[in-house]
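Number of protein chains: 2
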Amino acid sequence: MIEVRPLPLPLRHAFRIAHGSSTERTNALVRLGEGFGEAALPPYYPTRITDVNQWVQHIRPLLDAVLARSYVPVTSILEALPNGPSPARAAVDMALHDLWGKRSGLPVYALYGLDPEAMPVSSYAVPIPQDRDELNRMLDEVATFPFLKLKIGSGDPAWDEDIVRITRQRFDGTLCVDVNAHWSIDTTVRMVDRLQDLDLAFIEQPIPASHPDDWHLLRRMMPSCPVPLIADESVQGPDDVIALAGAADGINIKLAKCGGILAARGLVALARSLDMQVMLGCMIESSVAMTAAAHLGPLADWLDLDGPMHLKDDPFSGMTFQQGIITLPDGPGLGVIPRNN
Amino acid sequence: MIEVRPLPLPLRHAFRIAHGSSTERTNALVRLGEGFGEAALPPYYPTRITDVNQWVQHIRPLLDAVLARSYVPVTSILEALPNGPSPARAAVDMALHDLWGKRSGLPVYALYGLDPEAMPVSSYAVPIPQDRDELNRMLDEVATFPFLKLKIGSGDPAWDEDIVRITRQRFDGTLCVDVNAHWSIDTTVRMVDRLQDLDLAFIEQPIPASHPDDWHLLRRMMPSCPVPLIADESVQGPDDVIALAGAADGINIKLAKCGGILAARGLVALARSLDMQVMLGCMIESSVAMTAAAHLGPLADWLDLDGPMHLKDDPFSGMTFQQGIITLPDGPGLGVIPRNN
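Same order as they appear, the protein sequences are chains A and B.
Here the first sequence stands for residues 1 to 341, where the numbers follow our numbering.
Here the second sequence stands for residues 1001 to 1341, where the numbers follow our numbering.
Keep in mind the hints are simulated off the structure, nothing from the lab.
Predicted model only: the values in this text are computed from it and were never measured.
Please note that a few of the clues may not be correct.
What the hints assert, rightly or not - On the chain B side, residues computed to face chain A include the following (Cβ under 7 Å):
hint, residue
1, Ala1018
2, Val1074
3, Thr1075
4, Ser1076
5, Ser1104
6, Leu1114
7, Asp1115
8, Gly1266
9, Leu1270
10, Pro1298
The beta-carbon is built from N, C-alpha and C at its ideal position, and this holds for glycine as well.
Assemble the whole structure, with the sequences as input and the hints as a guide.
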């Protein structure tokens, strides 16, 4: 049984980031036999569910052959797949890992030899507030979390700074900011200076993704930047990571961007080879994609896997998220279970 | 039970390569509970069995803790190990993979999601002959093999050329040469020209390993080199691979050089990211180390895993080698079994 269907994800609150505001997302659920995968389809990336479906139909003969085997050589299969949209590849990769784990009786973290006790704490994202009152209301809900990520890049750098400063006055946990590519190089240099007393763990993707050389220019302008800079939108595959070596301090790896668990594992190894920090991040996704990423969590320096926390209803159970502390399910494969099937 | 003991390996014939000639080698066998690993200790590398033993004793508390667990999170454990000599790390890595596989009931290839049917054919090494008669006698034995590797770098480039030319006159399978770092840059340029009509699959490590920049110089001198150049002695860890990007066409990954199966898997991913070919190679090793490397075989473009074929007695059974066609054992872990215990 091979199926692609819409996975509607109504959000708990309208979620405002620099790319825009959402109240609902619709991802794609891919099912291969007993394996589940998810393609994140945010409106600001080009892939649509018809693209996912087309690609899955395109590789269907290969997938049918896999389903007929008792042993699923996922690495060999994935390396033989033709190119396709990254979120679609990621969904098929997750479903094949789920299948591999279920048929071999092991959770995915065990297939990668990882210790589930060695998970870093995850950040929790605070969307861009409209004003101080809204920021304070949002912070009331998360005051006891150990690690917050402030979404900034509001269009007004002074308000960006206020958001961080107000938060820092009342929050002494680990704090980072995500600009989602909405500062210029000059604004970044100025903001790094203005924010440097606020003990930020890192600044994520300050500048636009379109010109990787800008990262090197930024590094030359701030050879001793006091805050690590982590690339997100600028990083999809290995070429991007190599291009950023020496310029970005770390990369945010998301399964939907790089094409799945196996590709993410490769990027982690590559980033380590280049002495870069590793973050594992997410889109707005259900527990299917989130749990898939979480299985690689023990490899990361930073986790940003709060996706399902922003959903009104999560159509699957999987990993749990208690104020940033992530616990992996022990079931075979991804360990995710549909809630209403 | 944690044990390090000598593993004597008498050779079938004296084996002459550019580094010297051997009639026997002694490696180290590392045993961790039910897991086996092997440290290759060739005389031209600095590690001795006392170094292996010292390092294993140094990490013994960690290994004892691992042996007490039913689940062995090999990746997490290996990433937490302190530095040590590469052959010692490789032996511990192999033994942990063996343990991981045995405790989870899966062969190592399955833990890496690989298809054992997708193995490339392995080369078989022909040592440096003293004269034409010896070369012809050696070729008589391997005339029907599909893939031969000629050891050259004899000290006399004219004889090196004769070795290849004589072989090519009577052998039309896949042919490559391994210079073991014994040509200068100038000799390499000249020899590439002289050998270019002989349809070589690649030339391995023509130049000394001491100066990685020499690879870039060589590339500038031969921007369109007609034969791929593969680095062996020049490559140990990820830094070396990155340093050779754009200069070498591929790398020879050996577990004893890079520190084991997990590190080798990372180097494969790195080489792929850099568009480099991947060879999996060996030292003079028993079926323990050879089978460990062979489990990653489906990831490689080229295999050079003929080690046990050069032994008078192989103390273990594991993979089989039929004229270069390698078959992996199906047992859990490495699938190697001592012959006389």
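Now the hints, each set against the structure:
1. Ala1018: The hint is violated - alanine 1018(B) has no Cβ within 7 Å of chain A, the shortest such distance being about 30 Å.
2. Val1074: Holds. Min distance 4 Å.
3. Thr1075: holds, 3 Å
4. Ser1076: holds, 4 Å
5. Ser1104: holds, 6 Å
6. Leu1114: holds, 5 Å
7. Asp1115: With Cβ-Cβ at 4 Å, under 7 Å, it holds.
8. Gly1266: holds, 4 Å
9. Leu1270: Constraint on leucine 1270(B) satisfied, holds at 5 Å.
10. Pro1298: holds, 6 Å
Against the hints set out earlier in the document, a violation occurs for number 1 only.
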